[in-house]
Amino acid sequence: MDDDLIGRIQVVKNDYPVVAAVLDMLRQRIEKLELENYQLQRRIEVTETPTARRRLDEEW
Numbered sequence: 001m002d003d004d005l006i007g008r009i010q011v012v013k014n015d016y017p018v019v020a021a022v023l024d025m026l027r028q029r030i031e032k033l034e035l036e037n038y039q040l041q042r043r044i045e046v047t048e049t050p051t052a053r054r055r056l057d058e059e060w
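At position 59 of the sequence shown the residue is numbered 59 (the UniProt record's numbering), and the sequence of numbers has no breaks.
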């Protein structure tokens with residue numbers, strides 16, 4: 001991040017604590033969603049192998 005943006009974020013945190021809290025909650029939620037997305041992508045990669053596909057077809 002550039003220094004100007006960091007400075008503006010700090011002003012928001014100092015002057016608007018409620019906004020800062022909401023931004024922090026959103027950041028945490030985004031991080032959680034990014035982790036879930038990564039985990040789902042890994043599951044998809046694992047199930048896309050030919051052996052896994054056959055197993056899934058047999059289960060259905």
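Among the clues, some could well be false.
In the SDA-like style, the derived pairs of lysine to any residue whose C-alpha atoms are separated by at most 20 angstroms in a straight line are [said to hold, decoys possible]:
1. 32 with 44
2. 32 with 43
3. 32 with 48
Calculated from the structure, these hints are not laboratory results. These figures come from a predicted structure and were not determined experimentally.
Hints versus structure:
A distance of roughly 18 angstroms separates the Cα atoms of residue 32 and residue 44; the hinted pair therefore holds under the 20 angstroms criterion. Straight-line distance between C-alpha atoms of residue 32 and residue 43 comes to about 17 angstroms, which keeps the hinted pair within the 20 angstroms bound. A hinted pair counts as satisfied when its Cα atoms are at most 20 angstroms apart, and residue 32 with residue 48 does not qualify at roughly 24 angstroms.
When each numbered hint is compared with the structure, a violation occurs for hint 3 only.
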